[in-house]
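**Student:** Here is how the chains run, residue by residue.
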Amino acid sequence: AQKITQTQPGMFVQEKEAVTLDCTYDTSDQSYGLFWYKQPSSGEMIFLIYQGSYDEQNATEGRYSLNFQKARKSANLVISASQLGDSAMYFCAMREGLTGGGNKLTFGTGTQLKVEL
Amino acid sequence: DTEVTQTPKHLVMGMTNKKSLKCEQHMGHRAMYWYKQKAKKPPELMFVYSYEKLSINESVPSRFSPECPNSSLLNLHLHALQPEDSALYLCASSQVFPSGRASGVDTQYFGPGTRLTVL
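From first to last, the protein sequence lines stand for chains C and A. Okay, so the first sequence: first residue is 1 according to the numbering used here, each after it adds one. Okay, so the second sequence: first residue is 1001 according to the numbering used here, each after it adds one.
Hints were generated in silico from the structure; no laboratory data involved. Ideal Cβ placement from N, Cα and C applies to all residues, glycine included. Hints are not guaranteed to be accurate.
What the hints assert, rightly or not - If you anchor each label on the Cβ, the simulated ranges turn out as follows:
| hint | chain 1 | residue 1 | chain 2 | residue 2 | range |
| --- | --- | --- | --- | --- | --- |
| 1 | C | 73 | A | 1105 | 22 to 32 Å |
| 2 | C | 100 | A | 1003 | 35 to 45 Å |
| 3 | C | 83 | A | 1038 | 21 to 31 Å |
| 4 | A | 1028 | C | 85 | 27 to 37 Å |
| 5 | A | 1039 | C | 5 | 15 to 25 Å |
| 6 | A | 1062 | C | 58 | 43 to 53 Å |
Throw the hints in and build the complete structure from the sequences for me.
**Tutor:** As structure tokens, this is what we get:
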């Protein structure tokens, strides 16, 4: 069974600073995928970044980067130059392929990030 | 901007009402999903449709009835709900990628959600 652990229920960061949100995972699969989603108070889950277990380089998407350490089973999200609009809940998730098609996401409990002036 | 739309945005219903939630995607995806999310909790998967066929039902009570009329549409029919069913209901869609080597090809994209209140 897959498991995702996010140990930071809440985080604060000053505007324009960088922040790291922690995510550790557990799986017996050799091939797996990890995702980060952002959920503002409006409710929509916004896909941010993906890291595959066989990807040789850490994923980056604009101000988002993923610090992937396979041996430590961690996939931390780094947000650079924080903005007020980054204030939201952030979920780490792991993908499991389904035999019938599609996939199943196992989510962590989330980290509430607040960006301050 | 999301290409997964959900209607209505908000819904208030009584326990004897029948209502439906609607989800539409225009990304050519062939897998669609319903999730239920309580406040400050992660989303919980309810149903998965692949090529318009129900492939996963996560032991959801029968008062929730999904329907996938075509590859772009996903409905969730609600009947005789309980107050504890009040939650944010999220729809998502993805490409279908064969099981095996993981890929970001089948990333799930979510709609804005429907906030449901059952009185």
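**Student:** Against this structure, judge whether each hint is valid.
**Tutor:** Consistency of the hints with the structure:
{"no.": "1", "hint": "73(C) <-> 1105(A): 22 to 32 Å", "result": "holds, 23 Å"}
{"no.": "2", "hint": "100(C) <-> 1003(A): 35 to 45 Å", "result": "violated, 24 Å"}
{"no.": "3", "hint": "83(C) <-> 1038(A): 21 to 31 Å", "result": "holds, 28 Å"}
{"no.": "4", "hint": "1028(A) <-> 85(C): 27 to 37 Å", "result": "holds, 30 Å"}
{"no.": "5", "hint": "1039(A) <-> 5(C): 15 to 25 Å", "result": "holds, 21 Å"}
{"no.": "6", "hint": "1062(A) <-> 58(C): 43 to 53 Å", "result": "holds, 45 Å"}
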